[in-house]
Structures are given as C-alpha cells and as structure tokens.
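For chain A, the structure is supplied; the task is to place chain B on it using the hints.
Listed below, chain by chain, are the residues.
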Amino acid sequence: MSDLKPLTPLGGDIARLDQIGVLRIAENPNLAIASLAARKGRSADVAQTVKAALQIELPQPGKSRRTVTHTVWWMGPDQWMLSAEHNAHELLADEVKAIVGDAASVTEQTDAWCCFEVSAHCEHGAASSEAALFALFERLCAVDVSQMVVEDATRTSIHHTGCFLIRKEDGFCVIGPRSSAGSLHHALVEVAGGLG
Amino acid sequence: MSVNRLHGGLIDHTTALSFSFDGKTYQGQAGDTLASALLANGVRLMGRSFKYHRPRGVMTAGSEEPNALVELRTGGRQEPNTRATTVELFDGLTARSQNHIGSLKHDLLAVNDLFPSFLSAGFYYKTFMWPRAFWEKLYEPAIRRAAGLGSVSFEDDPDAYDKGFLHCDLLVIGAGPAGLMAALTAGRAGARVILAEEDFLLGGRLIAETQSVGDMSGADWTAQMQAELASMDNVRIMARTTVFGAYDHGVYGAVERVSDHLAVPEAGKPRQILWRIYSKRAIVCAGALERPIAFENNDRPGVMLAGAMRTYANRWAATPAKEVVVFANSDDGHRTAKDLIAKGLTVPAVVDTRADAPDMAGTEVLKGAQIINTKGRHGVTAVTVRLANGTTREISCGAVANSGGWNPNLGLTCHQRGRPVWDEAIHAFVPGGDLPMGQSVAGAANGVMSTHGALETGTTAAIAALGDLGITATAPDLPQVEDRPANLSPFWYVSGAKRAWVDFQNDVTVKDVKLAHQEGFRSVEHLKRYTTLGMATDQGKTSNVTGLAVMAERTGKSIPETGTTIFRPPYVPVAMGTLAGRSVGKEFHPTRLTPSHHWAAEQGAEFVEVGNWLRAQYFPRKGETHWRQTVDREVLATRASVGVCDVTTLGKIDVQGVDAAEFLNKIYANGFAKLAVGKVRYGVMLREDGIAYDDGTAARLAEDHFVVTTTTANAVTVYRNMEFARQCLFPDMDVQLISTTEAWAQYAVAGPNSRKLLQKLVDPGFDISNEAFPFMGCGEITICGGLRARLFRISFSGELAYEIAVPTRYGDALMRRLMEEGEEFNVTPYGTEALGVMRIEKGHAVAAELNGTTTAANLGMGRMVSKKKDSIGSTLSERDGLNAEGDLRLVGLKPVQSGEVVAGAHLMNATGPVDAKHDQGYVTSAAYSPILETSIGLGFLKDGANRMGETLRMVNPLEGQEVLVEVVSAHFVDPEGGRLRV
Chain A
1 MSDLKPLTPL GGDIARLDQI GVLRIAENPN LAIASLAARK GRSADVAQTV
51 KAALQIELPQ PGKSRRTVTH TVWWMGPDQW MLSAEHNAHE LLADEVKAIV
101 GDAASVTEQT DAWCCFEVSA HCEHGAASSE AALFALFERL CAVDVSQMVV
151 EDATRTSIHH TGCFLIRKED GFCVIGPRSS AGSLHHALVE VAGGLG
Chain B
1 MSVNRLHGGL IDHTTALSFS FDGKTYQGQA GDTLASALLA NGVRLMGRSF
51 KYHRPRGVMT AGSEEPNALV ELRTGGRQEP NTRATTVELF DGLTARSQNH
101 IGSLKHDLLA VNDLFPSFLS AGFYYKTFMW PRAFWEKLYE PAIRRAAGLG
151 SVSFEDDPDA YDKGFLHCDL LVIGAGPAGL MAALTAGRAG ARVILAEEDF
201 LLGGRLIAET QSVGDMSGAD WTAQMQAELA SMDNVRIMAR TTVFGAYDHG
251 VYGAVERVSD HLAVPEAGKP RQILWRIYSK RAIVCAGALE RPIAFENNDR
301 PGVMLAGAMR TYANRWAATP AKEVVVFANS DDGHRTAKDL IAKGLTVPAV
351 VDTRADAPDM AGTEVLKGAQ IINTKGRHGV TAVTVRLANG TTREISCGAV
401 ANSGGWNPNL GLTCHQRGRP VWDEAIHAFV PGGDLPMGQS VAGAANGVMS
451 THGALETGTT AAIAALGDLG ITATAPDLPQ VEDRPANLSP FWYVSGAKRA
501 WVDFQNDVTV KDVKLAHQEG FRSVEHLKRY TTLGMATDQG KTSNVTGLAV
551 MAERTGKSIP ETGTTIFRPP YVPVAMGTLA GRSVGKEFHP TRLTPSHHWA
601 AEQGAEFVEV GNWLRAQYFP RKGETHWRQT VDREVLATRA SVGVCDVTTL
651 GKIDVQGVDA AEFLNKIYAN GFAKLAVGKV RYGVMLREDG IAYDDGTAAR
701 LAEDHFVVTT TTANAVTVYR NMEFARQCLF PDMDVQLIST TEAWAQYAVA
751 GPNSRKLLQK LVDPGFDISN EAFPFMGCGE ITICGGLRAR LFRISFSGEL
801 AYEIAVPTRY GDALMRRLME EGEEFNVTPY GTEALGVMRI EKGHAVAAEL
851 NGTTTAANLG MGRMVSKKKD SIGSTLSERD GLNAEGDLRL VGLKPVQSGE
901 VVAGAHLMNA TGPVDAKHDQ GYVTSAAYSP ILETSIGLGF LKDGANRMGE
951 TLRMVNPLEG QEVLVEVVSA HFVDPEGGRL RV
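Those protein sequence lines, which keep their order, are chains A and B.
Just so you know, we're using UniProt numbering here: the first sequence kicks off at 1 and counts up by one.
Just so you know, we're using UniProt numbering here: the second sequence kicks off at 1 and counts up by one.
Only chain A is shown next, with the shape it has when bound in the complex (with noise of 0.2 Å):
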C-alpha cells in the first residue's frame, strides 16, 4: 500500500472531536463514497443489482437506507451516493461499478466530502439530546430538522455551502464540501457553543 500519509478534512493526522455542552461534533474521515447514477431506462437494473448485492433498496427522495456495512442516500432522479467504511471500502467505487456494470455511471466521491457525526448525550434523557440537536441544526439550516426521522436525507444549505444531512439513529450527518470542512466546522462548533 502507499506510504502517502493521508490528512483529515481538517487538516489533521487523527479525527477532530469536539464536545460542546451536551453536543458532540466528529469528524468522520474513515468514509468512502460513492456517486451512482442510472444509465438511461437502467433504473430497475441498478436497484435491482444493488439489492442484490448489497441487501440494500435504493431510497426514494428525501430518503436513505442503511446497512451494517453501507449507506446510500437519495441525491437527484436516477442518482444516490453511497457510502461505506474507508478502512475497509477504499475502492468503493470501483466495488460498485462491478456490482451495476454498464446499467450504471459510477464516480469516486471519497475525498470530495467532509463529514461531520453530529450527536448529543444529554443526562436528561433522549428527548433533552434531541432538543438540543435541534437547536443546534435550526440556527444553521433552513431543513425542518424536527421533522426528520431516522433515515431521512436531504440536501440544505449550512453556512452557505451545500450539504447533505442526514437523520441518524443518535444525531445527525453533515456531508459537506471538503475544502469548506472548516467554515463548516467553525460553524457547527460556533453555534453549538452560543446555545448554553
């Protein structure tokens, strides 16, 4: 393998983690993704080669499934993105594109994105950690994040770069731009520490 030392999004040899109050805020650089578009009238082919595959159904609009071992979220008609460990999926592009062969377009998207875990662990309970996911998110993006449940992706707009964001079990996903990671990071972790 190559003796290139890979850096994170932010510019570091190891993840930035920030506690902030109750919030937590993880940069997730163990991630490759994946684009993966259609070819035309190929639609049923890639969901149907993708599931059979990958035990995962291609989500409708709005939304993203996962697995233990991947993630793959709406992104336009006939186009998701999919993401995998990046330990373990390096070459996740070139995996998917022998699973869809030519029903589909495959692009490496691994180091275009940063990505951000965001969640919270608050003593009060589930309900206070949520409250205080929301307050978060509210202050940067026009999504209504209240709404969203586990499993809903969407793309919005935070802090005037376009991201993906998508509803975990414990938080949530900010995929973003890889050269904004730290307008991104400074404004998840400015507001997070403005909301006491």
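Worth flagging that the hints you see were computed from the coordinates, not collected in a lab.
Remember, predicted model here, so these are calculated numbers, not experimental data.
Be aware that a few hints might be false.
List of simulated lysine-lysine pairs, BS3-like, C-alpha gap at most 25 Å [what the hints assert, rightly or not]:
| # | chain 1 | residue 1 | chain 2 | residue 2 |
| --- | --- | --- | --- | --- |
| 1 | B | LYS942 | B | LYS917 |
| 2 | B | LYS269 | B | LYS163 |
| 3 | B | LYS760 | B | LYS679 |
| 4 | B | LYS679 | A | LYS97 |
| 5 | A | LYS51 | A | LYS168 |
| 6 | B | LYS679 | B | LYS869 |
| 7 | B | LYS894 | B | LYS868 |
| 8 | B | LYS375 | B | LYS557 |
| 9 | B | LYS679 | B | LYS163 |
| 10 | B | LYS375 | B | LYS322 |
| 11 | A | LYS5 | B | LYS756 |
| 12 | A | LYS40 | B | LYS674 |
| 13 | B | LYS163 | B | LYS280 |
| 14 | A | LYS63 | A | LYS168 |
| 15 | A | LYS63 | A | LYS97 |
| 16 | B | LYS869 | A | LYS40 |
| 17 | B | LYS280 | A | LYS63 |
| 18 | B | LYS498 | A | LYS5 |
Which chain B residues face chain A? A few, computed with CB under 8 Å, are given here [stated by the list, open to error]:
| # | residue |
| --- | --- |
| 19 | ARG582 |
| 20 | ASP654 |
| 21 | GLN656 |
| 22 | VAL658 |
Backbone N, C-alpha and C define an ideal beta-carbon position, used for all residues, glycine too.
Positioned in the frame of chain A, the structure of chain B alone reads:
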C-alpha cells in the same frame, strides 16, 4: 423610593438596578424599562426632536415610540436610536439622549424652533436652491450635521449575531388576549405553534389594565395561560421576539433579542437572532396603537398617550407627574383617570371633547372642552382649556394623558400590499381582505376593541386556520371579562393651533398637512413625501391616520376617500448586525482550502482569494524583498528545471454514459467524438450567443468516460450549463454528470525535469516516457507504492509538463513527496503569479481574454469552431457582427524601448488622435517576463493577425501613460511548441 414611583405593578420593588442617563446615575427596579425607570425618577425630558430640536419626552409604552430615542451603551456596543420604551433595564445600563449640540436642556440647535416658518414642510425643496454650487458644499453638510439621529462609535461590535429557521403549523404574532387564546386553542389541538411576543412579558394590554379576567387579574390570568402553554411540547413561546415582516409563502422574519437585556451576552451567546419562520398559517394578534389628539404644544414632555400613562402606572408603578390632566374623546380616557386616581395620583380634570361625556368620581369632567395649549419649558406645568362655553381655564399639572382613539396595528397585514379598509364603527382602518397568504387577524388588530372580543376572535381564528390544515380544534372556555364600550366620538385636532404636532418623530404639524393641501400635494402618497409624515423609523404608527384626517377635512372628503398608506417591512428597525448574522469578518463567506494549503502555509506562501478558494500566490524565500523577485525566481526555476503548482481549483466534471462523447460534441465548439481513449484535447465552450465563455481540457478515460476540466472561476457555471444541457436540451442522451473538483488533489509538474521527477514517484509498470505517454496523453496509474492516481500530459506553462491527481486526502503528502524527491532537481513550488506569467509568455487565454465579449475568432481560435457538427453557440458565432473584416485578434505586445505594458490600457495607432473613435484595441493581460527580460502583454487588436511588427501607442489616459509597443505573436516562448513534446 424614586420621586414618581408608585406602589404595586409588575416590577420587583426589592431589586434595585443602577443606571445612568446623560451621565447622571439613577436607580430603577427589575422589570422596568428605561422609560419607566426615568419617569419614576422624575425625568420627563429624554430627547430633542428631529427638525426643530424641541424638548421631547416619552409618549408611548411600546415600540411605536416616536420621541424617546436614545443611545445605549458605549464603545463597540453603542447603539443609537433605541426606544427607551422597549429597553429593558439592567444594572449598569448607560444611556444618553441624542440629537442635540450642548446639553439636552440647552440644545444650541433649538434655535431652529425660533424659525418654524422657514422650516415648514417642503422647506428644503424651496430654500436651498441658490446658488446652486452651495448645495453640495454648504447646505447639505450643514443640514446633515443638524438632522442626524444618534451617532455610532465606528468600533467593531464585539457581540455575535445569529440566524435561524423555524417551522410551525401556526404562527401567532402577539401574546395579548387574542394571541394567548389562539395559541392555547391550537396548542391543545396538537398543532405546532409559535407564539411570538415583542415584549419581555406576555399579556399585551392584559398586564397594563386593571380589569379582571376570569376572576383574577390580567397578569395572573396571563401567567396561568403561559404556564399551560409552556407545558406543551408543541408550543414554542418566544418572548422578546418581534415579527418584523410578512414575506411570500407564509414566511415571516423575526428578531429575537436574546441578550439585549444584559450588559454583556453570556459567553458564546448571540446578542440577537434573526429568525426565518416558515408558517403554514399565521394569526396577527398585534393589538392596537393609541393615537393622540393634536393641539397646540402637544409635544411637551409629560404629554403622553393615555393608554401608555395607565400602562406605566399599572405595570411599572411609574408616573410622569403627580398631577395628570386627561384629554380624551372617549370613555377610554376616563379609564386612565380612574386607574391614576386608584394609584393615588391627582387628576385635576378630564377634558372630554364630547358634550355628553359621562361624569366620574374623583375628578371633574369638562364636557365639550378642549386643551388649546400647554405651558412649561422642558415639561408640562399647566394646560389651557377652552371650555364648552368658550371661556378658557388654566389648570396646573405635570402631565397630560392624551387619548384620540385606537388604530388597529396593521403593519404585518400590509406587507404584501394589502390595503386596509375604513371601519366606521371604530373610526379606524382595519385589515382589508387581501392579506398575505395564510394570514388572518384577530383581536384589536382586526378592529375588535373589547377584551372579550379579542379572546373570542383569537380562538375562532385559530380554529379556522387549523381547519384549513385538517387539524380539528375546539374552543376553550372563555373567561368572563369586564368590558365597557369606549363610546368614541371622532376628534382629531384642536383647531386654531399654530403648531399642533401630528408626526412627532419627523416634526410634522397639522399646519404642514394643510400646507401640503394648499400647495396641491393632496394624494396620500404626495402628502407623505411632501411633509415626511410617516416616513420616520416609526413609520407613522401614531400619526398616519391623524394626518389623513386633517387632509380629509381640507379636501372635504371622507378619510377612506382620501386614502391610506400601507406599511413595508421591517415593522421596527432591524440592526445591520442582525441581518449579517455570523457572516462577518473572516467568516463573511466560507473559504475553500486547497489540498496543499497547510503545507503552503508552512512555507510562508502568500495567499490570494480566487472566489472562495485561497490559492498560494507565491512562495517568498529568505532575502527576497519584493514579490517580483519571488515570482521571477519561480518562473526561471520552472523553465530551467521543474516547478510544482496546486491546480486543484480547476473544475473537474466527470462525464459518463453511452452518449458522453456525443454530449461533449454539443458542449464544446470543437470536436470530441473521435478523441481516442487515453488522450486529452483542449476545447472551447461557447455561450448560446456565440461568445466564448470557458476553455479547458477533456480527457477520455474510457469509451464512455471523460473528465472535463474548466477554469477555476467557471467551475460552477460550466457544470450548471452542462447539467441544463443534459436535462433540458438533450434529454434523450445517455449521459451522467457529477463534479469531482474536490475529490482529487491535482498538481501541475512543469519543466524540462518534470518527467524525471515523476518517474521517481510512479510505480513500476507504468511507462511515462515520451513514446509511451506522449503530449496530450492521459491515464490511470499508481504511485508511491500503489496509490491510485491520474496522470495528464498537458501544459499551461509551455514546458514539458504533467498534471497528476490523487485522492485529496493524499494531496498534502504528495506535495511533500514531490518536494523531497525533487530536491535533486531544485524543484520549486510556484503560485498563481508565476502561473500567470508563464501562461502570458505562452499566449494562453484566461478570464481576462474570455471576458464575455470575445469570440473564438477574436482569440485566434476561429477554426476550432467546427462546421461539421452542431454545438451550443456555433450557429450564432457565425453572425455577421461577430465576423467582420478587421475584427479584434489576440496579439502579443512588448515595449519598443522602455516602459511597461499595462492591462486595461488601450491601443492607438502610432500617430493620430487618441480618443475612443480611433481606438485600435486594448490590453487584457500584462506581466514582466524574466525569460525575455522585458514587460509583455496580451491584447486584442483590430486586424491583429495582419499587423505583426507594427508599432502602436499603448495609452492609459487615466494615469497619463503612453508607451510605444510592438505587435508580436501572442506566443512569446517556444511558439512552435517543441518543449511540450520532448
């Protein structure tokens, strides 16, 4: 206890707060506003009026205040034009009066008040006409100096501001009786409710009045409601929040004053938050605003609105004076008198314009009487009353409670040009039918002037609004309320007054309105602009209707026939800092960092903003004292051996699909269908109108797979245009697009030793020799022991060069490795400046040449626009106007002897006039070429291709430059391109 502090109220009498006003220290109580605390301390004079600098005191108890505008705090937190009536008192508050020269009591500019006839409405239209030159130099500066409202410190505001987004089924605006019932009804029905209240306490008039609600005080009933609402997860109570604008599709703007009531915000917390509220339905429960009766000298400190007077007494236990005369045209004034008497104050008389006014205990009601003047230098000391029998009586007092009726608070109902309609029953405008989408109005804001009516309509409005959303709500039991009709008899102003004030903030009198009529400015819009009525920051909340009434009387029309004005957002002024939110300073916009940014910063690189990107501009070394030294070194080193430049910022678009090649044939003016796999081609894109707008390369990685590169500036535009073409122009093509700009760290490795350097990194098994990997070749390889990479043999510098791309996370390490391995070749990192010099030396076009007016032909690339196929813009590029004989052509320019070529300068013939008519072209780019050791430039010249060797004058009349330049080929370095192919 302060001199005018009463008992009771909703303030905390046990918690004293110290504050200063105009340098003098006072004590207020927790729960006070600045206005109530000043009144309690016997301070009636709080400011000077806008134009005449007349002494003014507080008039209202809310955000409609036109008079008591003050400067708060000091230093970076200094804030002018804040309303003393809405400022929550905190310990250590510093406030100052404004708009005066000298002290507040002895304002030198009060001289204006001695010459009112010179300063009447429209005075500046008439007065400062001559001599013409004096306007800019003398009149305007003098007027601006005199007319300013408040001042700013010019220091940075140290506080943070934020923004946010909220969503609800029902937005209830105002938490008075109507708003509380609307929120309760909707909350109990399970709807998502936001209850926004401008005040720091809920209740509206309920906490200002003494009437009972459901056998308890209004304040207690409000507290009960608030407790129930607060217990509901689906209800969000937002106090200190002003909804200032109603926008499209149920969107409302609101400002939450998170920390304004504190000396300094809590750590990290914002001062204010700008909220965008997405509501499915909204109910405006903003109540009503009292209007004054206009009479002679009705602006003296101590003359206040009657409703405000009893609010101060009942809620804040404060009064402007111990003796208060009431002036009214309805029973509402009597209510004030009753409350003041109950508080132990003396009401010498109720001056009631109605001949049939009722009597009341504890004071004398002067029926059919009018106040015709007031006395007192800095505050009222007496009023003169004209009795019904025509005689006059002078009554000593320290304040006047003035009540001319109530106007529904219409602001938010008009924000989308909804026009109010006149309601004869209450003699006021009420909301018309054309409300913003999803909005309804309840309570006094809708002209329902009883508390019971407010409670009831709040409920019914909520039920109706939720019904639209399919949510069933039931009406809560309504509490019993003491209500009495006001029996208002319209009375707008006392006739015969010399100066009776209508618009207090802009100093507009009854006489001004009459003057407007006399001079023909009779439409409401003309009246407003001629007199400035309603144009101050209070938007005429207390004055508009009275002004209309005066105009109506002059025109002999009814008020509705005369017309009305509508309101625009914001309902109250919103600070610029609030609108900016977090987008200030370095965070004004997000930045984009290149993969080598951290390494470049370690090298001491200077960075330049390119859109949001920060690119290394040059890498200064020890001993270099001027940027040109650095750039020259970088250019020479690259051309002599090898240099490396981060070119990640160039747009990269992944194009796949069966029809990918055919699609690119449409996008590019030149052909791409036959490009072989493993090859790169330079291409030009045209706009629909035939103008060239971007250039770059496309590499064919497979039959159905290309990577298109764009210029940094046009990365988004090209991607957007390609996506538009894919979806809308060529929907039948099988093609898929996605940006991969950030996914790959891409470096240009340029110079005669570039191959040798790269060979040290490329894994065995990949041959990058000239034969195996020739100019304009591309391929997927591995480097440094197995890392996937893409290699393109393309050159922007004109040297043997490559661009190598690896996944971005490895970009930093690759740059470091290139520097380590390149040491033996004296490898040099170079920035955008050296990049620019080398591309000018090579004659490559960038945005300066693709400037939105130039064609491929102008750029000398006319033959690239293929006639064998159709592509976007190709047909219109053939227009006659773009293909005239002698058109501009890209040429190179260099000084004949000395001097510099300057970008932006124009080209003129060697002899003849220098003017636009004789313009021969212009310079687009210029640089010093360390290779040629001279200044060089690129430019467009008429018939340029046929003028090689000609001498022209390069002129820059703005800076007096004129340099003789020679027209040469745009390819200064290696015009045959031999270096590229070795």
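Structure-based check of each hint:
1. B:LYS942 - B:LYS917: holds, 13 Å
2. B:LYS269 - B:LYS163: holds, 12 Å
3. B:LYS760 - B:LYS679: Since the Cα atoms of B:LYS760 and B:LYS679 sit roughly 23 Å apart, the hinted pair holds (cutoff 25 Å).
4. B:LYS679 - A:LYS97: Holds, at about 23 Å.
5. A:LYS51 - A:LYS168: holds, 21 Å
6. B:LYS679 - B:LYS869: Holds, at roughly 21 Å.
7. B:LYS894 - B:LYS868: violated, 38 Å
8. B:LYS375 - B:LYS557: This hinted pair is violated, its Cα atoms lying about 34 Å apart.
9. B:LYS679 - B:LYS163: violated, 49 Å
10. B:LYS375 - B:LYS322: Holds: B:LYS375 and B:LYS322 sit about 16 Å apart, inside 25 Å.
11. A:LYS5 - B:LYS756: Given that 25 Å is the threshold and the Cα spacing comes to 23 Å, the pair holds.
12. A:LYS40 - B:LYS674: Distance of about 22 Å is within 25 Å: holds.
13. B:LYS163 - B:LYS280: holds, 20 Å
14. A:LYS63 - A:LYS168: At roughly 11 Å apart (the allowed maximum being 25 Å), A:LYS168 and A:LYS63 satisfy the hint.
15. A:LYS63 - A:LYS97: Given that 25 Å is the threshold and the Cα spacing comes to 22 Å, the pair holds.
16. B:LYS869 - A:LYS40: Holds, because 24 Å separates the two Cα atoms, which is no more than 25 Å.
17. B:LYS280 - A:LYS63: holds, 23 Å
18. B:LYS498 - A:LYS5: violated, 85 Å
19. ARG582: holds, 7 Å
20. ASP654: holds, 5 Å
21. GLN656: Holds, about 4 Å.
22. VAL658: Interface hint status for B:VAL658: holds (7 Å vs cutoff 8 Å).
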